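Sequential numbering of the sequence shown, starting at 1, is according to my numbering.
There may be inaccurate statements among the hints.
Okay, derived cross-link-like pairs now, BS3-like style, lysine-lysine, Cα gap no bigger than 27 Å in a straight line [said to hold, decoys possible]:
no.	residue 1	residue 2
1	Lys-13	Lys-26
2	Lys-26	Lys-45
3	Lys-45	Lys-17
4	Lys-45	Lys-58
5	Lys-58	Lys-26
6	Lys-45	Lys-13
7	Lys-58	Lys-13
Honestly, the hints are just simulated from the structure, not real lab data.
Remember, predicted model here, so these are calculated numbers, not experimental data.
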Amino acid sequence: MLIKPTLESLMTKVDSKYTLVTLAAKRARQLTDGDEPLVDVDTTKVVSIAMEEIDQGKITYEAPRDGIK
1 MLIKPTLESL
11 MTKVDSKYTL
21 VTLAAKRARQ
31 LTDGDEPLVD
41 VDTTKVVSIA
51 MEEIDQGKIT
61 YEAPRDGIK
């Protein structure tokens, strides 16, 4: 079973796997709450849609300058 997008591809979009998980979870919640997907995919799984959006550069993030306080 091939997993798409690949972890290697996704990691080029974020600074850590923890950021990736947080970003995907927040976007999946938005999709669950009714936001429209930003990509065309053949699945209804919100986490898969979120990962594809991240991979295609449709979802980005901004890291805090001072870190977490």
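Consistency of the hints with the structure:
Restraint check: the Cα-Cα separation between Lys-13 and Lys-26 comes to about 16 Å, which is no more than 27 Å; the hinted pair holds. The hinted pair formed by Lys-26 and Lys-45 meets the criterion: a straight-line CA distance of about 14 Å does not exceed 27 Å. Between Lys-45 and Lys-17, the direct Cα distance comes to roughly 20 Å. Compliance with the 27 Å bound is thereby established for this hinted pair. Between Lys-45 and Lys-58 the CA atoms are separated by roughly 17 Å; this keeps the pair inside 27 Å, and the hint holds.
The suggested pairing of Lys-58 with Lys-26 holds, with an alpha-carbon distance near 14 Å, which does not exceed 27 Å. Note on Lys-45 and Lys-13: the hinted pairing holds, with a Cα-Cα distance of about 21 Å set against a maximum of 27 Å. For the suggested pair Lys-58 and Lys-13, the alpha carbons sit about 10 Å apart, so the restraint of at most 27 Å is met.
Violated hints: none; the structure is consistent with every hint.
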